[in-house]
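Spelled out from the first residue to the last, the chains are:
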Amino acid sequence: MAAATSLPPRGPSLPPIPSAADQANRIAPAATAPELLRNFCIIAHIDHGKSTLADRMLQLTGVVDPRQMRAQYLDRMDIERERGITIKSQAVRMPWGVHEDESGSVVPYALNMIDTPGHVDFTYEVSRSLAACEGAVLLVDAAQGIEAQTLANLYLAMENDLAIIPVLNKIDLPAAQPEKYAEELANLIGGDPQDCLRVSGKTGEGVEALLDRIVQEVPAPVGDPDAPARAMIFDSVYDVYRGVVTYVRVIDGHLSPRERILMHSTRATHELLEIGVSSPEPKPSKGLGVGEVGYLITGVKDVRQSRVGDTVTNAAKPAKDALAGYADPKPMVFSGLYPIDGSDYPDLREALDKLQLNDAALTYEPETSVALGFGFRCGFLGLLHLEIVRERLEREFNLDLISTAPNVIYDVTMEDGKEIVVTNPSEFPAGKIGSVSEPLVKATLLTPSDYVGTIMELCQSRRGSLQGMDYLSEDRVELRYTLPLAEIIFDFFDQLKSRTRGYATLDYELTGDAVADLVKVDILLQGEPVDAFSAIVHRDKAYSYGVMMTEKLKELIPRQQFEVPIQAAVGSRIIARETIRAMRKDVLAKCYGGDISRKRKLLEKQKEGKKRMKNIGRVEVPQEAFVAALSSDAGGGKEKK
Amino acid sequence: MPPSSPFGVYLHVPFCSVRCGYCDFNTYTATELGGGASQAAYARTAAQEIALADVELRRRGLAGREVSTVFFGGGTPTLLPTADLASMLASVRDTWGLASDAEVTTEANPDSVGLEDLVALREAGFTRVSFGMQSAVPHVLATLDRTHDPERVPQVVAWAKRAGLAVSLDLIYGTPGESVQDWRASVAAVLALEPDHVSAYALTIEPGTKMHARVRRGELPGVDGDDQATKYEVVDDLLEQAGYGWYEISNWARSPEQRCRHNVAYWRSHDWWGIGPGAHSHLAGTRFWNVKHPRAYAQRLEDGELPIQETEALTAEQVADEQVLLGIRLVEGLPVEGRAARAQLPAMVQEGLLEPGAAAAGIARLTRSGRLLADTVVGRLVA
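In the order they appear, the protein sequences are chains L and W.
Numbering of the first sequence is given in our numbering, commencing with residue 302 and proceeding in unit increments.
Numbering of the second sequence is given in our numbering, commencing with residue 683 and proceeding in unit increments.
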């Protein structure tokens, strides 16, 4: 470790610097006094410059060689880089020297920067990352102000008693309004607008001062070095070469290489093959002590054996109590994933198996659909999680997929008291239903005040109820709504963005269940239900869903030799109907100049197409029609303005 | 196909005075395309291909057959001087020989021939003329960009008959803006002229044509399959009542002798050589077609090569598919081989697509609704 040599120039009155070896020894992993540790995270919205700021910190602290530096060093997955979002957190240990007092000696510190996922679907993972820290840098774009997700994560950090360091980034931008947004931040977290640091991740301006502030303001970790070891898992990542890499924060005691560890929730024991810190490449160490952050490798191959939030302890001398806050990852949104080419089914299974190694929240089980063939019912944390998984399957595994409209979990209570959990409209019971309850979310929306009306209208149309409204500044408003999760997993984001020209932001968290008047709408083709289009919707919206789907399918399904009624039904009651008239003519009369080849090629195409035809009763439907009906406008059942 | 199959010749004349908005045929309006591609040189250019075709037939051991049918299509063959058409036919006769009962047809536009031309054609050995009448209704003709005066049709038909030529009239139905009444009027006009043979084709608007662009711009309504089905039923009824029998989906004749044998040869996969730019040929299980542009075509011949663009040797499956695809269109019906295909017949009889009597004998013979849905029937027989 090159702590001393990496110290940046500190101005003319540079104090005497202790020898490099001395410095390094004081903050060596497994031998660093907790007083010299600072664990922090950066809370920021997508594209507010978190990764660029992290890059600058890596450079300033000298842990990344300038020649190896690449933009957004910590974002490893292609999708993360392309979408500019961070999906999985990581931790980096950085040395930073601060001159403490008049005597002028430089004290070395080890800073652990814990990267947090930046999206609403990963609230639980964020909460665990925050629990691994004592402080948080609240990073806000000086040209845009705070966004809803940042605000939600900020509240989470404040609930965890983290020291908050407000920072305005991108002050180099001409559109930056640091005064305005400093005021806004001060209103949110208390304190003086002057306390808000101004930095530019791009130019590096203010980043040294920020590192100094972290050392000054983030409390040192506290723990019992003599107690049985307890470390909290805040992330685990599958690596093809090394198996699962588990990121932990040690609370009490000490973890050492080669010892046997015990996972509290599963009671499984593993040998610690390797333990170390990331800086940012993995460096094995002699262990990890109180307050330290690092990684473990045990040789397991599946992240579900190393669960975020779980407590790692020594198998021989286990801690009695697990750390608080562990929860099993719970899928909240379900969707059927089907290969467009049915012969890709085994590949899809294999791809899901592989993805699950790295994604403890992903669940799936085989499912068959009359319309779509063989596929999987998959469970996700939320819509983004679904999109990420789907995109990875398509991109990394070269699969062409179609997904059914996502749905949430419903708890159905029958009149006889029997309870049924429904994760797929096809499981919705037919008998006498007592009540149906659905998950609700607490949503926070931040918006320029001009759009308050349109957002209220949107939330109203989605069965939302207003819980409160605050002005963050003169022209920025925070709206709080309770909404059914089902209402926001379709096209809520898109609607919100288009109605507010992209200005409004949204965050939500689950807040329990509520009974609602929900019904299942089936779509029938010549009396045969088409499973892929059944949907559970509020009774008031059943009609508009039925009309929309029947109209859409009428456009997409080719005419048959006979008339085909398309109906939408709630139970046995038909609520909407369209008719595809019988096809009277399909023959091509012309055969110019004996060009038989062209005709035959049409037939060959027709034969090929026939293989992809699905039969719903007597009706032949090209798979493309189902695909088109599912992909054009995922916002089933929603009124369009 | 054994060399005992009848042998036909198609001669493509790629010239028109006006290009019609719906036409996607290989035709050109310029008189001067240069060299052998020009109208004036065309008969000689075609003769070069005939000579090379003969060499090829001999090389493949497929020579030695007299020509049983000749068809001049286009374009507008009658844009060429009658003498040129006669000379092209003479090239065919001199090279391969014409059967004594050979059927020799030319297409003609009603406004491009006179009595003398027709007499001269008959003298040169032509036996049949097919007039591109298309419609008897002026606004429909205008939409189709047809330039002839409908009043002229009775005149040329009378001349053709006087010259001793069998007469066929071509109609197009389903033109945008054509009412069912308009269509009835056109069919009635045809019947009044008592032709030997009638063809009626549903208009298809191919991408790349002027008409396609007009439909896309919203200037014209597109074709409507239901409307075309109705009009097919209308023409079929009226022709049947007048004593014409269908023998192929789009063709009717007053008697079996007056069917177009050249046309039937296509549906029976007989051998024929297509002369001219873009022309298609079929010889003993291979299909090939010529380069499309007349200049490239003439250049290849100039260089002493056959102007073939591409050759396709049909696989057994393709031959079988074609037999179904083509044979089903004929009034005789298609003998259905194979258990799986035969198993399809009863359902299709029930659905009214096939005639029950023929089906019982293992022959798929289309009913009128079957003719309209022939692609469905084919799809089920080849599945």
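Mixed in with the good hints, there may be bad ones.
[To be verified] Taking lysine to any residue and the SDA-like style, the derived pairs with C-alpha atoms no more than 20 Å apart in a straight line are:
1. L/K902 / W/E1014
2. L/K915 / L/L857
3. L/K900 / W/T829
4. L/K908 / W/E992
5. L/K900 / W/A1002
Hints listed in this document are in silico derivations from the structure and should not be mistaken for laboratory results.
Subject >> Pair hint outcome, L/K908 versus W/E992 [Cα-Cα no greater than 20 Å] >> reply: 24 Å, violated
Subject >> Satisfaction of hint between L/L857 and L/K915, Cα-Cα up to 20 Å >> reply: 14 Å, holds
**OP:** Would you mind confirming whether the straight-line C-alpha gap from L/K902 to W/E1014 stays at or under 20 Å?
**Re:** Violated, at roughly 25 Å.
**OP:** Take the C-alpha atoms of L/K900 and W/T829, compute the straight-line distance between them, and say whether it is at most 20 Å.
**Re:** Roughly 30 Å between the alpha carbons, so the hint for L/K900 and W/T829 is violated.
Subject >> Pair hint L/K900 and W/A1002, alpha-carbon separation not exceeding 20 Å >> reply: The hint holds at about 14 Å.
Hints 1, 3, 4 from the list above are not met by this structure, while the remaining hints are.
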